[in-house]
Amino acid sequence: MQLGAEILIESLRKENVRVIFGYPGGAALKIFDALKDATEIRTILVRHEQGAAHAANGYARASGKVGVCMATSGPGATNLVTGIATAYMDSIPIVAITGQVATSMVGTDAFQEVDITGITDPIVKHNYLVQEAGDIPRIIKEAFYIAQSGRPGPVLIDIPQDVTAAMAENIDCKKVDLRGYKPNINGHIRQIKQVIELIEKAERPLICAGGGVNSARATEELLYMVENAGIPVTTTMMGRGSISQDHPLALGMLGTYGLAAANMAVQACDLFIALGMRFGDRVTGATAKFAPHAKIVHIDIDAAEIGKNMRVDVPLVGDLKVVLGQLNKRLQAKENQPWRTEIAEIKAKYRAKDRPVVGSGKDEEGVTDDAISAADVIENLNQRLTDDCIVTTDVGQHQIWAAQKIRTNLPGKFISSGGLGTMGYGIPAAVGAQVACPDCNVYVITGDGSFQMGMPELGTALEQGLPLKIILINNQTLGMVKQLQDHYCQGRYSSTEFSKSPDFHHLALAFGALSLRVAKRQELAYKMEQFVQHRGMAIMEVVVPARENVYPIVLTGSGLDEMVGT
Amino acid sequence: MKCWGGGKVKHTLAVLVENRPGVLSHVAGLFSRRGYNIESLAVGETDDSSVSRITLVVEGDAKIIEQVSKQLNKQVEVIKVNDITEEETVDRQLLLLKVNADIAVRQEIMQIVEIFRCRIVDIGRRSLIVEATGDDAKIQAIIKSLQPFGIMELVRTGRVSIVRGQK
Ligand SMILES: Cc1ncc(C[n+]2csc(CCOP(=O)(O)OP(=O)(O)O)c2C)c(N)n1
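Line by line, the protein sequences give chains A and B. Start counting the first sequence at 1; every next residue gets the next number (our numbering). Start counting the second sequence at 1; every next residue gets the next number (our numbering).
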């Protein structure tokens, strides 16, 4: 017989869990007590439970394994919610474990009781309220299987206090048996043939690689298809890293904040091959105007994504690594030369336009010629990025500039909150990524708004000795919303300008980081060098004018070729 | 593939689920979250006590029904979803109806009950309780016939359906 909490920890160990991001509390006492003796598991105390969920997310994305976070009942559990929703929207495999009040108290509005399984129902792939300690081995096994198989996603396990304190037989669960859950792996052969036929007939085919290519780690298969069949490729934000942006056939990110060349290619193609993406509104713009000349092939492991947002000519359900393999085996080599030439022309035509542009037209005092543009920062960083660098971002204009420009050639190296757009994600996600990959250089690109949301986890980074490199692009505003106010509110800035900000320099020092501040373009390269070379945590504040906006942009109701600012 | 368009039709979905607490709320929650309307819902254990069957009636065009089925299928606890709209089925609902029944009209009500082959299951001083089973059309007809007497209370279950023949 063993304590429920011990059964839990042992079950986690059997799933090869090495790291848990957690925050304790009354209902989770026994669990944390058992963790104290679990030497093979590193428990990382975060500073806010949302940080635990984001760190588990960053860990999962950087390592390709399941990330684990843990919190107590009530406020601990609700603090996880944004992080769980973030993982859900981006299909990231995390397991969240929450303490719960004792079974006998459930339903009485006991101290720190919330119905977290009820609350998270819409944002988890699956969840459990554990009834008996003897069920723990099975539930843990199922949870890890569900989180990482098929379309990955978060699973929550809520464990009442008395269950963690109960004695039970720890019976090993050898096999998952879920009759209602059987992901489709192989593509249906008839549809495979239809796709082959469409690709062979197409004169202007275009691949769009989504996050599914990264999570299936199907990048080699993608590259083979692109080169063998001569098909240009664009990516979604979640698909960044699935192909090198320097590849002659790569167009970069598409969408309402995408690169002009990518969007124009979508509107010109006659076959759109969607790989592991969900046709989110940030990708399509107005759906009725999307890829007007194209037949659409949609390949995804989640059948429910197909036909949800976009008309589809051929659906194909399966694991991308397998399905792309099936397709590659049958595809003839092809040049598609005229189309390739056209793509090269489109790229050349729009390259210069993909740059931040002075947005509002309102003159600002004190803006001089040596002001730094956010694009300069990204370009400067790019020159120093190697394949083992990881870049996380927060949410806002800085995120878009990073998603458009950051050099990233591999899955799990560009880590950003795509579907939920969660400010405060960048720093905790970097904590998780750095823990997963201690030898990688992990950079965070953040804004002055987002930084102040993710800031608590600097304490975690400090305590864990994580050498994060944080670039804080300070435009003194909530730039992205301010830009929306330019477009939709006649430039009336409501609650988007900070009239006062903390002294970021001293703040960085307080967290034991190297603190750098740069406001002049001439100083950028030199400061960047100092920043990159530093061995410990470093925070570089780059002051940029508030007037820069993201262009091109596709406004509400417009098609991808109706961009503003090209 | 049927994706877009098509008129709105009532669909009957037979959904086999794990017979566990919380499953019904998962399924029902899914509908409200995705903005689908449940017209009626009936749930009960099947011959296998670990499996429940939820019979759902939903209105929507082909695209909506396809999404509903796919979203249901995605739930870990959902074992199987069958759209039995196009099948030959036997459909039943149960109706309990309390109707005003003064001495003067009792006889008349009894006749209606007779015609529809339903039953009187309780007699009060001024009211009767009528029990009826049948398909949608029959239940509607009974309600309509008894309306003029004054319906005091009415409850009906969701539709349950079973496909005819050997399957
Ligand atoms: C948690 C959260 N709250 C609000 C928003 C809405 N929002 C999107 S971008 C943005 C501004 C971000 O400002 P900052 O981090 O300074 O980045 P910038 O756009 O200036 O680069 C806001 C408020 C959000 N995405 N997430």
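By construction, these hints were calculated from the structure, which means they are not laboratory data. Careful: at least some of the hints might be erroneous.
Calculated cross-link-like contacts (lysine-lysine; reagent style DSS-like; alpha-carbon spacing at most 27 Å) [to be verified]:
| id | chain 1 | residue 1 | chain 2 | residue 2 |
| --- | --- | --- | --- | --- |
| 1 | B | Lys63 | A | Lys175 |
| 2 | A | Lys141 | B | Lys70 |
| 3 | A | Lys308 | B | Lys8 |
| 4 | A | Lys308 | B | Lys98 |
| 5 | B | Lys80 | A | Lys308 |
| 6 | A | Lys201 | A | Lys174 |
| 7 | A | Lys175 | B | Lys8 |
| 8 | B | Lys70 | A | Lys182 |
| 9 | A | Lys182 | B | Lys8 |
Here's how the hints hold up against the structure:
Taking the CA atoms of Lys63(B) and Lys175(A), the gap is near 37 Å; set against the 27 Å cutoff, the hint is violated. The hinted pair formed by Lys141(A) and Lys70(B) meets the criterion: a straight-line CA distance of about 25 Å does not exceed 27 Å. Of the supplied pair hints, the one linking Lys308(A) and Lys8(B) holds, its CA atoms being roughly 17 Å apart against a limit of 27 Å. Between Lys308(A) and Lys98(B) the CA atoms are separated by roughly 45 Å; this puts the pair beyond 27 Å, and the hint is violated.
Annotation: proposed proximity of Lys80(B) to Lys308(A) holds, straight-line Cα distance about 20 Å (limit 27 Å). Among the hinted pairs, Lys201(A) with Lys174(A) is inconsistent with the structure: their alpha-carbon atoms are about 48 Å apart, more than 27 Å. Taking the CA atoms of Lys175(A) and Lys8(B), the gap is near 44 Å; set against the 27 Å cutoff, the hint is violated. Straight-line distance between C-alpha atoms of Lys70(B) and Lys182(A) comes to about 13 Å, which keeps the hinted pair within the 27 Å bound.
For the hint pairing Lys182(A) with Lys8(B), the CA-to-CA distance comes to about 31 Å; that exceeds 27 Å, so the pair is violated.
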